[in-house]
Amino acid sequence: RLPWVGRSQAVVEEYMAFLSNLVSAQTVYLCACLKMVVSHFSPKRVTICEGGVDISDSDDDDENLPRNFDQCHQALQLITRYVPSTSRFLMPILQENFPFVQKSSRTLVSLHTEQKQE
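Residue numbers (the numbering used here): 1 to 118.
Please note that the accuracy of each hint is not assured.
[Said to hold, decoys possible] Now the in silico label distances, taken between C-beta atoms and shown as ranges:
#1 Ile93 to Cys49: 18 to 24 Å
#2 Gly51 to Arg88: 20 to 26 Å
#3 Val11 to Gly52: 37 to 43 Å
#4 Ser39 to Arg88: 25 to 31 Å
#5 Gly52 to Leu2: 35 to 41 Å
#6 Cys49 to Ala10: 36 to 42 Å
#7 Ser85 to Phe18: 30 to 36 Å
Hints in this document: simulated from the structure, not taken from any laboratory.
Glycine residues also receive a C-beta, built at the ideal position from the N, C-alpha and C atoms.
Produce the complete structure using the sequences and hints provided.
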């Protein structure tokens, strides 16, 4: 694994060139590449120990999140350019990593309302 998200533009560009070469020459790696890119859409988990209790939360305050998301979107666009059937493989990966999209709109509205009240 090479940590490419959030690195210098030169590193990101080289890594994206590598990804595009890999998926265009060896489509057997398409799903692995898509899973890796999609994994970067969720902020890293941070564990804080307070009073002997481990509290886990996402690092939503990371100021680099917008840039990281943009880099991931660029990677997906590049992969899609070289492998037009990407969407057929991408959707199941997104559903697996973001299951809340499958909840009913009523549940999502309830969750949103509860968060606003906190």
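ask   = Which of the listed hints are not met by the structure?
value = Violated: hints 1, 2, 4 and 7.
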